[in-house]
Structures are given as C-alpha cells and as structure tokens.
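Chains as they are written, first to last, in my numbering: chain A, 1 to 147; chain B, 148 to 265; chain C, 266 to 376.
Rather than coming from a laboratory, the hints here were simulated on the basis of the structure.
Hints may be right or wrong, so weigh each one.
As the list claims (entries may be wrong) - The calculated DSSO-like cross-link candidates involving lysine-lysine, where the alpha carbons are at most 27 Å apart (straight line), are:
#: 1; chain 1: A; residue 1: Lys121; chain 2: C; residue 2: Lys337
#: 2; chain 1: B; residue 1: Lys221; chain 2: C; residue 2: Lys328
#: 3; chain 1: A; residue 1: Lys32; chain 2: B; residue 2: Lys234
#: 4; chain 1: C; residue 1: Lys348; chain 2: C; residue 2: Lys328
#: 5; chain 1: A; residue 1: Lys117; chain 2: B; residue 2: Lys221
#: 6; chain 1: A; residue 1: Lys117; chain 2: C; residue 2: Lys337
#: 7; chain 1: B; residue 1: Lys221; chain 2: C; residue 2: Lys337
#: 8; chain 1: A; residue 1: Lys116; chain 2: C; residue 2: Lys348
#: 9; chain 1: B; residue 1: Lys221; chain 2: C; residue 2: Lys348
Claimed, not checked - Residues from chain B that keep clear of chain A, each with C-beta distances beyond 10 Å, as calculated:
#: 10; residue: Glu152
#: 11; residue: Arg154
#: 12; residue: Asp155
#: 13; residue: Asp158
#: 14; residue: Val161
#: 15; residue: Thr163
#: 16; residue: Arg205
#: 17; residue: Gln219
#: 18; residue: Asn220
#: 19; residue: Lys255
#: 20; residue: Gly256
#: 21; residue: Arg258
Backbone N, C-alpha and C fix where the C-beta goes; we use that ideal spot for every residue, glycine too.
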Amino acid sequence: MNRGTDGVFFLTGKDFTNAGSASSNLKGILEKMGIPPEIIRRASIAAFEAEMNTIIYAVAGMMHYSITPEVIKVILQDMGPGIPDINQAMQEGYSTAPDYIREMGFGSGMGLPNIKKNADKLTITSAVGEGTTLEFLIYLESVSQTS
Amino acid sequence: MTLGEIRDILDALVLTHRVDMSRDIWRAYCADLMSDVLAFSVTQSLLITGLTNAQVIRTADVADIRAIVFVQNKRPDIETIAMAESKDIPLLATGLSMFDTCGRLYEKGLRSQHGRIL
Amino acid sequence: MKLVDLVEHLSLEVKTPGADLTREVTGGYVSDMLSDVIANAKAGSVWVTFQSHLNIVAVASLKGISGIILVKNRVPDEDTLKKASQENIPIMTSSLPAFELAGRLYTLGLR
Chain A
1 MNRGTDGVFF LTGKDFTNAG SASSNLKGIL EKMGIPPEII RRASIAAFEA EMNTIIYAVA
61 GMMHYSITPE VIKVILQDMG PGIPDINQAM QEGYSTAPDY IREMGFGSGM GLPNIKKNAD
121 KLTITSAVGE GTTLEFLIYL ESVSQTS
Chain B
148 MTLGEIRDIL DALVLTHRVD MSRDIWRAYC ADLMSDVLAF SVTQSLLITG LTNAQVIRTA
208 DVADIRAIVF VQNKRPDIET IAMAESKDIP LLATGLSMFD TCGRLYEKGL RSQHGRIL
Chain C
266 MKLVDLVEHL SLEVKTPGAD LTREVTGGYV SDMLSDVIAN AKAGSVWVTF QSHLNIVAVA
326 SLKGISGIIL VKNRVPDEDT LKKASQENIP IMTSSLPAFE LAGRLYTLGL R
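With the hints as constraints, model all of the structure from the sequences given.
Written out as structure tokens, the structure reads:
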C-alpha cells in the first residue's frame, strides 16, 4: 500500500438495526487494502466497541477513519451524555447501561477495556452534557509497537 | 469436528444456504454478551448463543467466528440470516438448551481453548 | 449433588462467605440474558453466566436458583455481593469459560 485513505461514517443514536455496520464497512475497507488479518481484527473490534458505545449512549456521532502505511487512526466523536469519570468507565465490568441494553447483549462493561486491549494508543476526552471524543491508533508494521 | 457432525450431535437445523458442512470447527464458545465474545480470543470458534439480533452477526464477523448455533429454538429474522449468508457465517438452530448444547459438544471433545482437531 | 461438591470438583472460589452451600443442585442453566433465565430456568439449578450486574441476584431469588457461578474470573461488584448475601444466593467464580464449565457440570451428571 503506498497511499492512504480516509472517510467518515455517521452514526445515529439508538439505531440498533444498523449498529455495528460502520465497523463492518471499515473492516471491508481494511481487507481491500491488504492489511494483515490480525491488525484488521484488532481495528474492527476496537471500532465496533466504540461504535456501539456511541449508539447506546449518544444522540448521534461520527466515526472518522484514516489509514496510511504507518497507522490506522479512528476517531469517534459523539453528542452524548459525556463520561463523568473516565478511569471508572475503563474498569472491566463497570457499566451505566440501562436494562434493555443488557437484554440486547451489550452493557457488560467490557467495551472500553476491549478498545484499550486492541489499540496501540487510546485517548478519550469528554465533557458531561456535551459529548465524548475517543481516538485510537493501531500502528502498521513499519512503525509497529507490540501491545 | 465438522459442522455436519455438530449438526448431528445437536439435532440442529441449518438456517443458511449453500453451507459447506465439511468445514472444520476446533473450538466452541458460548455467550450472550457481545463484548464477552470480543474480549476473549474466540477466533475460528463455533459461537453458541441465545441472542438472535443483527449485532450477533456483526460481532461474529468482527471476531472471526466460524459458525453460530442458536439454542432453545431461537431463530433470527430473515434479514439477519441474509446478512450471515453474505458474510459466509453458517447459522444453525437447535432445540437444546445452552447447557445441553455445551454439554454434548464438550463430551465429544470440543473445547474453548487449545482445541484439538477431531 | 450439593453446591459444596461443585465448589470442590471445579475449584470454584466462593465470593459470598456464609452463604448456604449445602443446597442440592438439580440442574444447570447457562445464559447471560435475564429475560431468558426468568422464562426458562428451573428451580434448584446452578446458573452459569458472565453477567455480573446486580439484577442477577433478584432473578436468582425469583427462580429459586441454588447458586450463581460467574465465569472467566468475572469480578462481581460490591453491590451484587451485598445483595447476594442478603438474599442468601451463593455466588462463586471460576476461571473457566462458560462452555468448559457447562461441559464439566454435564460430565458430572447434571442435566
């Protein structure tokens, strides 16, 4: 691959019919670019968890992606409630999901830990009442850092 | 073991078309929580679940699941089955409970980790 | 088979000290969906799940479940444990994934 690509997906809050489709699309793009399968898996899982968080909690959001020979960068920006305590939110098992979300198979409190586990770098900024921006990076082999 | 053998052990129905029943499955994982499926390495497994919404298929796609079996006669809708077909993820349905499904497959040698080829 | 036998055979860690482990276990149930457990689980069963939310205790009480086993070392939070002690619902943890745990229970003869 000798050039990059980037794009954006728009996410609608509570749209469970399409939840996960942005990450599926991103996975397809990564596959077409010939990126190694293990990297695709990590990027897709991280994107999926971030996408689900936006759909579960926010009114709307956007997933920006940028893929260069060095790095895959994904930024989720949402208009949601914001996260009051990011450290707490990062704890495995901690969840603020309402019951109906648990009945759909989500809300087990593993989303953010899953993103962290699969990304090389994770940055979350959030303001209660405004929204959350989550950015993760996965380095490709030329600048690879083992996680 | 093959998908065909799994179908026989579970008396299952195959919901998706044009499935290669000789496909090999070395590992099995049961869960209804999608982040659980994503958190623990379950690539190339058979996913055993009672959840039948579209996210199960998307989760399976992202997690590289080899096939899905729905328990207790639960069935996904037509759109979800079509999505699975487009992603080449075979779907099976059994009337057994998740407990019995896991039990029967475990007795026949299937495991979650360090799967043996059967 | 009693809960205390399962604790021994499967090297389970008991998270609710003082809970009644002498209860008979008459079956096994595996599910993370509360609605599913409410609809289908039988009294006297041991419930295998990854779901550690507080609600699991109320569901277990409602259905007469003999005990809950959380898999993959899932850490139940303080609220859940407190409620479980109040309701006398034993909560145990296993390092095994649910598939393995269910398989072992099945092999021990539980149905």
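Taking the hints in turn, this is what the structure says about them:
1. A:Lys121 <-> C:Lys337: 26 Å, holds
2. B:Lys221 <-> C:Lys328: 21 Å, holds
3. A:Lys32 <-> B:Lys234: Roughly 15 Å separates the two Cα atoms, so the pair holds.
4. C:Lys348 <-> C:Lys328: Holds: Lys348 of chain C and Lys328 of chain C sit about 16 Å apart, inside 27 Å.
5. A:Lys117 <-> B:Lys221: Judged against 27 Å, a Cα distance of about 32 Å means the pair is violated.
6. A:Lys117 <-> C:Lys337: 17 Å, holds
7. B:Lys221 <-> C:Lys337: Holds. Lys221 of chain B to Lys337 of chain C sits at ~26 Å (cutoff 27 Å).
8. A:Lys116 <-> C:Lys348: 31 Å, violated
9. B:Lys221 <-> C:Lys348: 32 Å, violated
10. Glu152: 27 Å, holds
11. Arg154: For Arg154 of chain B, whose nearest Cβ neighbour in chain A is about 24 Å away, the distance exceeds 10 Å, so it holds.
12. Asp155: Per Cβ check, Asp155 of chain B is outside 10 Å of chain A; nearest 28 Å; holds.
13. Asp158: 25 Å, holds
14. Val161: 23 Å, holds
15. Thr163: Holds, because the least Cβ-Cβ distance between Thr163 of chain B and chain A comes to about 17 Å, which exceeds 10 Å.
16. Arg205: Since the minimum Cβ distance to chain A is about 3 Å, Arg205 of chain B lies within 10 Å and the statement is violated.
17. Gln219: 15 Å, holds
18. Asn220: 18 Å, holds
19. Lys255: Holds, because the least Cβ-Cβ distance between Lys255 of chain B and chain A comes to about 27 Å, which exceeds 10 Å.
20. Gly256: The claim holds: Gly256 of chain B sits with its nearest Cβ about 26 Å from chain A, beyond 10 Å.
21. Arg258: Arg258 of chain B clear of chain A: closest Cβ-Cβ about 21 Å, beyond 10 Å.
Hint violations for this structure: numbers 5, 8, 9 and 16, all remaining hints satisfied.
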